[in-house]
Every structure is written in C-alpha cells, then in structure tokens.
Amino acid sequence: MLNPYESQDAKVEDIITETSNIKTFALKLNEKMSFLTGQFVELGIKGLSEAPFTPSSSPYETDRMEVTIMKAGCLTEKFHDLKKSSTVTIRGPYGKGYPIEQMYGKEVLITGGGVGMAPLRSFLLTLLEQRDKFKRIILCYGSKSPQDIVYKDQFADWMKNPALEIYRSVDKADSSWNETKGVVTVLLDKVKVNLKNSVAVVCGPPIMMKFATMKLINLGHKDENIYLSMEKNMSCGLGKCGHCGIGKYYVCQDGPVFTYDQIKNNQEIWD
Amino acid sequence: MGQLYYISTLEWNEFLKSSLPEWSLYAPVRQDKNLAFERLSENNFNSVELDSYRATQPLKSFLFFFYEQITNIKKYPNMRGSAVLGLKACDLNSLQLYDKTFLEGEFAEPFYKRRRQDLLLISSDCQKPIESCFCTVLGANPYPEEYFDINISRISAGYIVDINSEAGEEFIKSKKDFFKKVVDRSILMKREAKRRAAVETVEGFNSHFDIKAPFLNMLRQKLMSKVWNEQSKTCVTCGACTQICPTCYCFLIEDVKSDKFRYWDSCQYTGFARVAGNANPRKKVYERLRHRYLHKFDYIHESFGFDGCTGCGRCIQACQGKIDMRKVLSELKKDPVNSNA
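Which chain is which? The protein sequence lines are A and B, in order. Numbering of the first sequence is given in this note's numbering, commencing with residue 1 and proceeding in unit increments. Numbering of the second sequence is given in this note's numbering, commencing with residue 1001 and proceeding in unit increments.
Chain B on its own, in the form it takes in the complex (with noise of 0.2 Å):
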C-alpha cells in the first residue's frame, strides 16, 4: 500500500476534467447495459462510471493492440500522457501473466514492453459486482491489491485515493491540495466494509456452483470426461471468450505486401495448432475448449504458479453458446471419472 489520501467527489471530478487537456483519459462509460472505455471529453464526463464493475473491454487492448504492423517500424508507439480510469482488480491481475509472457524470456514484446512503461493505469474498488463476476473463485478480491499506479476507493461523498508510483503521484500533482492525506482511520474502517461487502456479493453469486482454484488436479483427472463434449456442444467457435479474456494473449503474424501485421488469434478456431499437411491435435471443438481451460488452469499455472484467469466473467457474457466457465468447472468437478493419463 502506497500513500492513502482523501478526496471529495467534486473536487476528483475538477481534477479530472483540469486533467484533460493535458492527459488522454479512458474511462468506463454507461452504454446501455454495459459500460465501455471511451477516451474522456467534456461531453461523456457525466456518464463515466468509475465504481460500478469491469468495463467490457479487457486492459490488454490498451497494451496489446487488437491488430498493429510489426515490422519496419519507424517510430514505436508511445502512451505517455495516456491513463485509463476504473480499471478493476480482474483487469490489473492480468498484467501477472501478461508481464510474464511479454516482458520475460528471451525476447520481450517490444510494442506491449513500451506501452506497459508508459500508460498510467488508475483503478478503482468493484463496488456493484455482476452476476458473471467470479474473482473470488480464483483467490482474488474485487479491490486493486497490486499492478495500479493509483487507486480510488469510493467513500460516501469522495475517494480514498492509493498512491502506488511515482508515475501517479506525478499525476495528481498539479491538484496537489485537493488531496488530503488519511489521518481519521475510520474512513479506512469504512472502505475495509464495503470491500467485504463486495467480496460477498461476489461470493454470494458463485456459491451454488462449489468450485475454488486451484483446479489443476482436478482437471487432470479429469481429461477424458465426457463433461468436455457436453459442455462444448453450444459452442459455435466465434471465439468471443479469448478476444474479450484480459489474459488470453496468442496471436498471428500476418505478411501484407512487405510488411507484418500481428493480430489477436483463439485456440478455439479450427486451425489453430495445425501444421503444413493438415496435422491438427485438436480437430474436435471439445478438444480446444479444453484445452483452454488446461492452458489457463493446468499448464500457466504449473509454470508460473498462477492461474491465467482473473475471474472477470467477461467470457461468460460474451459467449453466443451461453457457455460458463464456472459451470464447466463445476460439471468436471462432480464427473466421478478418474481419468488421469
């Protein structure tokens, strides 16, 4: 935990809109049922909704971006003075394998390695959790614990703000006086209640289904559970869950005239792992349907002893075949099959 200071609802809103000349702010904004990042304006600042759940976007298309040339690059892309708002727990715990994956080991991802240095990441607390929301089956709270340079808490009538970087504390300081540090602990007392509320509306959402990770060995034993099949059969490969998954990273390189593209790919379309001559481990819908789950549950989490799931439920809502996560593991879980290799 950084510096905690305090903060009214008015003055945040005056510091944020001082911020915009300066600053391209991203931030959740009501759009019908659901709430999306749009850059902030004068003209969207009154339907931002910082506390409420995840926006539908992932964090990833801030750092990875959906389809971008990758060769002869003149100049690389920069964010500085870019921030998103009310990033959530579920999306900075994403940066946990992102990091891993893109800035270790031999080579580092030189576009996501940039943007990661630069864009300013400002959370803030999960306060209305969804019905598709199950951070708390993977271990995790709905409130920023790390990855954020800044997090909002919202109390009554303004923020408990955590100053977690340098990179933030430079943000707030042209507007330095409007944030008074915490020194009545019981405005603390008050954050800590409404964190535990969230993380029993969260629960509360997912008892019935009687999972928690790990699920490593259990899926092991589970591979040859017919559950795969049943689970699948909806599925119709649009791959929705891993474009929208803030943790799904694979991609395709494409050749266009002299240049190379890279583009967001899923495990769940059809060619996926094929090889020159049509060899394909996983021809079957089942197959890759488990293997994403084996990928996210099994393998990143034996190499990194993490899981590569937040729990943001965001596959949950987007899937056009109403398949859910929690059920699928829930429906493993109770297949008495043993079926370990």
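For reference, chain A alone in the conformation it holds in the complex (with noise of 0.2 Å):
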C-alpha cells in the first residue's frame, strides 16, 4: 500500500544567501519530482519536523529545485544552520497552483513582497518559458529594503529584459536607491492594464497581501482574477490533517493558489 507520509531524502547541493534572512536551497533528489508552478513541497530536516515550501525554481529544471527559506522559525533556522552536501527529507508535490492555462492571451500583473518572491519567481520564469502566450508580464516587487531584495542577480538580468515590465519598490531606502520608495502598493497605481483582459498573482506577507487586494479592488481588478498564494500551517499535506482550513477549503488540497473570491467570505485569511 502506498504510505504517503513517507518523505524521500534530497541533497543539499548549494545554498544561495539572498538576504540576512533568506537564503535559496538548490536540492538534487534521489527521484525526480515533477511539479506544476505554485504546488508546495513538504519540506523537512529528519528528526526535528517539516513544513510546506512552494519551489522557486522552474518546474522545467528537472535536475533540481530550488526553495527559497527565511528565518521565521525553528525549523528554517534550523534550515538556515545547514551546509553544502546536508541532507533534507522532501514529500509531495501538493495542491493546485497557478492555472497556467488560464492566464494565455492576457496581461499578467504580478504583485510580490520580501520572501513572497519565492512561488513568483517559479511563476514568472514558467511564464518566460511561453512568453509569446501572455500579453504582457509585469512584476511589481516590494521589500523593505534595498539589501532584503531576493534574487539580485536574476532582477538585473529581468530588467534588461524587454519582455518584462518590472517595478520595484522600498519602504526604506538608502542613496543608492534610485527606483520607487514606498510600499509595493505604490507600484500598482504606476501600471495601467487592460482590466478586460487581466489577472493579477499576489505573493507576500499577509499584511502586504491584503493591502496589495484591496487596492487592486479598488484599481478595477475582479475579485475571481486576482490570485492570491495562502500561507497556512499545512502540516500533512494531504488534505486529512485540518491545520490549513480556510473555510471550507483545505489549503493544502484546493489551494495553495485561491482567488480573492474564493475566499473572500472568511474572515481569517489575512491573519
């Protein structure tokens, strides 16, 4: 009988630091683990315990995936300890992720915070894979400062990218900031889309998320073309366990990835 609770052993073959919190894990599995952008990983370090991680690396990189951890905890402290070479416990891949599909032919507005790069980074280099499928791509990014910026080297490379449209912001800038200051939802008033045509993918702390919604509300977006990636406590992954109720949905089995309108009834999404 196959016993899903059992995780397969993965090699830590790089650690990337990205911030004085945040730090890339590129992982080589025993077997592959193919994925759709946006599914989450249960992620853990044997004996201590383990918890959900959406990959940041494109599920077209077969040969290993990369998952972007900040310190918030004991386990991604614990993360944050590890060297080259460690070895990590991996199950899944679980839940639904970003409808791909049904984004072709519209403007795709990304609106990510800190960390909350992590599944957009995954998102916008599956996008990239088809670029000529999307209308437009554009990424809002926010961080608290210039140094809490993710994926530094990969944003120089996006910029000169003519395919993108990338706005970045601070909320505390130093002189070398030359781009946006201010909360990321500064950026959406910037970016004039085609709300016919549309869809906006929000990522970032719950706080960040729920500003970044009500202002896309407000901007004209429809509540079902907002996708929003929940952060809940999925423990198990499998839908059975009941930590990540939102309602009546499991984040684990019909999310990570729900519209606003999905969800929007309940009164704890935010917390």
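Hints listed in this document are in silico derivations from the structure and should not be mistaken for laboratory results. From the three backbone atoms N, C-alpha and C, an ideal C-beta is built for every residue, glycine too. There may be inaccurate statements among the hints.
[Said to hold, decoys possible] Computed beta-carbon distance windows for the label pairs:
(1) GLN267/A / SER1258/B: 37 to 43 Å
(2) LYS1327/B / GLU77/A: 18 to 24 Å
(3) LEU2/A / LYS1327/B: 42 to 48 Å
[What the hints assert, rightly or not] List of simulated lysine-lysine pairs, DSS-like, C-alpha gap at most 25 Å:
(4) LYS46/A / LYS1322/B
(5) LYS1212/B / LYS71/A
(6) LYS1226/B / LYS248/A
(7) LYS1226/B / LYS264/A
(8) LYS23/A / LYS83/A
(9) LYS248/A / LYS1212/B
(10) LYS248/A / LYS1113/B
(11) LYS83/A / LYS1257/B
(12) LYS1322/B / LYS1226/B
[Said to hold, decoys possible] Computed list of chain A residues with no C-beta within reach of chain B, every gap over 12 Å:
(13) PRO146
(14) TYR167
(15) ASP174
(16) LYS181
(17) LYS222
From these two lone chains plus the hints, build me the complex, please.
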C-alpha cells in the first residue's frame, strides 16, 4: 500500500544567501519530482519536523529544485544552519498551483513582497518559458530595503529583458536606491493594465497581501481575477489533518493558490 | 435492511462466548458512571451493557489510533478477527465523515483504510439515552440505520439481529442454528415501539433548547455574535471535546529520530493554526470555539451535505467548563444579531 507520509531524501547541492535572513537551497532529489508552478512540497529535517514550502525554481528545471527559505522559526533556523551536502527530506508536490492556461492571451500583473517572491519566481520563470502566450508580464516587487531584495542577480537580468516590465519599491531607501520608495501598493498606481483582459497574482506577507488585494480591487480588478498564494499551516499536505483550513477549503488540496473570490467571505484569510 | 433473525439472550451470550477464542471482541463494560470499551473475556462478560447508550470512547479510537508510527512501516496494522460490539448509531454515523475524509480524495489514509476494511462493526439500538444525547437534533435516530455489519435490537428475552454484510453473515456462521429467521412480524412492531420510545426520550431531553439542524445559515448570521465570547469563557482549552468527538479527525505529525508519528490534535489548542513567524488566525479562545462549530455545521455541511456532528453528546459530558453545544447553538439562535459577513 502506498504510504503518503513517506518522504524521500534530497541533498543540498548549493546554498545561496539572498539577504540577511533569506537563503535559497538548491536540492538534488533521489527521485525526480515534477511539479506545477505554485504547488508546494513538505520539506523537512529528519528528527526535527517538516513544513510546507513552494519551490522557487522553474518546473521546467528538472535536475534540481530550489527552495527559498526565510528564517522565521525553529525549522527554518535549522535550515539556515545547514551546510552544502546535507540531507533533507521532501515529499509532494501538493495542491493545485497557478492556472497558467487560464492566463493565456492576458496581461499578467504580478505583485510580490519580501520572501513572497519565492513562488512568484517559479511562476515568472514558467511564464517566460512560454512568453508569447501572454500579452504582457508586469512584476511589482516590494521589500523592506535594497538589501532585503531577493534574487538580486536575476532581477538585474530581468530588468534588462524587454519581455518584462519590472517595478520595484523599498520601504526604507538608501542613497544607492533610485527606484520607487514606499510600500508595494504605490507601484500598482503606476501600472496601467487592461482590466478587461488581465489577471493579478499576489504573494507576500499577509499584511501586504491584504493591502495589495484591496488596492487591486480599488483599481477595478475583479475578485475572480486576483490570485492569492495562501500561507497556512499545511501539516500533512494530504487534505486530512485539518490544520490549513480556510472555511470549507483545505489550502493543501484546494490551494495554495485561490482567487480572492473563493475566499473573501472568510474572516481569517489575512491573519 | 439486511437479513433479520431472532436469537434468545441466552443463546446470544453463548454464541459470544463461543467466539471468544477466535475473535477479539470489544464491548461497553460498566465502569462506575460510564461505559468503557474493554476487550471481552470470561471475567468481564457479565458487566457488558450492549443496549443502553454509547460508550465513553468514540469509534475512531479503533480505526484511527491516538498515537502511532506512520513511516518506516514494515507491516501495516490489521484488525482481522476484531469486532466492536455495542456501537450506537451516533458512533456509526461518524463513519460518513471519516470515510469521506480518509478514504476519498487524492490520498487515502493507509492506516484507517486498512482497519476500516478489517474491523467488524456490531451495533445495537440505544435504549437508554442519557441527558447529553441529542442525535435527534441532528436529524438522526438513536438506532443504527447504516454502516453496521450486524445490528442487534433488544426485544424482551432476546434480540432481533439485522445482518447487513457478508462479513456479518460470516461472523454468525458457526452458530447459525441459534439464529431464527424472523417470520412473525409482530416482534418488528415491538422493535419499532422501543425505537419510537428512545426517539421520544432524546427529543424530551432537548425540547427546551429549541434547535434543529441544519445550522449553517443560522451560524453564518452569527459570526460576530457576543455569544461566542460568553460561551467560551469557561473553556480551559484542554481539547477534551475534540479528543472525545467521534467525528473530529485533525492530527499532527511529529518527528521522533528518523520516524514520523501521527497523533490526534485539537483546533482548540492555541497553536493549531499558527504559521511561521507566529501569525495566528485564531489567537483567542472564542475564535477557536467558533471555528469548531463552523467546521462541523458550516464547512463540512457545505462540502458534503451532512453535519460533522452525530449528537453523541460526549463533548458535553467531557467539558471541564460545562460548555454544552446545544446551549451554545440555542443562545446563538436567540441572539438577534445579524452579522452576515
């Protein structure tokens, strides 16, 4: 009988320090795991625990998987202490991911905050694989300070890429910063999209998701065209353990990507 | 309804005793004020109470263990040769939700699946409901209607035995001549009268609450009611209501060295929904109490069309803070607030 609780081992091939509290781990899995962008995995350290993370690498890259992790608790701190060649555990993928095909022919407005850029990078790389299928790709990214920006090198490439429109803001600028200052919602005012033919994709800390969603609605985006990556305590990943409930949904099986329309009546989504 | 038989109490007891060497039988045994499931033996045989009311332990404790290892499993558990007796309708009805959650969907829960296939379910009519019983409020009856292999209904000096599955038929095979096919329909009338009496008893216990399922529309209007806060004031967040609940299935996975273990969790604990960085959508006790009610009567009802509560009343008996689900629902119903979000 298949035991869905069993993980496989993965080797940490590389560790990239993104910011003072965010690292990206490149993993080599014993058995390849194909996933859809936006789906998540349960990543763990044997003897400690496991937790849900969405890969930040492209699903088209099948040799290794990257996961970007911010130090936020016991397990993530242990992850930050890992050295190259360490072994971690992984099972999945779980959930539904982004409905890419429903976005074909549309303007895609991506709004990210802080480490919320992790699933969005995977999403963005997926869009770039089939760039001609989308009318526009716009990325608005906000972080606390210029030092807190993740994927700094990749951003430099993306900003040169004519296929992408990229706007960035930081809450606290320094003298080196010549882009926008302020919270990420400020960027949304600058972007004009065709509301009749666009989708918005948002991922970031809960408070940022809340204000970005409200802003998008004020700007005329429809509830059903706003895609949110929900962070809940997905513990089993199998739609059983009950931890990640949002109303009638389990984030692990019905999400983690939801339209705002699906979950707007629940009081707990931004907490 | 399957094949109906009649058996005298004497022969039933003899039949059970003759099954003891081959079968592991579990039955409700009188322990002071409560009935507790015990492995049946010659020693406790006379303290068994099959016909009164539900035992303290919920059925889930046989199918979904409180704590067990879930990885590096060499041999899956099997419960072949095990049977639980004296289950009541409020036990069996919990299987509707358990089967939906643990057997359906992309992944089946392998341990539950195995035990569910193996375990023989022998239920009986509830003939002495207690004050905390409220199955009728949920639209259910105090006698089993589905999910059993065998159901027995006490009628004066014997039982009407309802065989509902091949496994049930197999179980009685060795003493088949004890079981007489029911030809005289008048004893079915007697069963009906007893069942009616039990329904009326439960209805009587609950008449003053003035509540009737479904509750989802009512609850959706009371999300902001002050009743949640008032009724949760005596809650000590011990989690007894969820542990004892036949339908609560939430669990946590824990790593111990290189193995994983699964144990029952409770949405009433502070950290249940907490995520990295300590964000927690249900910090307050009343928010967690409300979540439990919404899950049972709104979310589950909307997803599956039935309630996540069988009206067994265990949570009422187990609550240290004397929180009574019926009182909570009735106070909510009375509250004029309409806070439909």
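**Report entry** List of violated hint numbers, smallest to largest
**Finding:** 2, 4, 5
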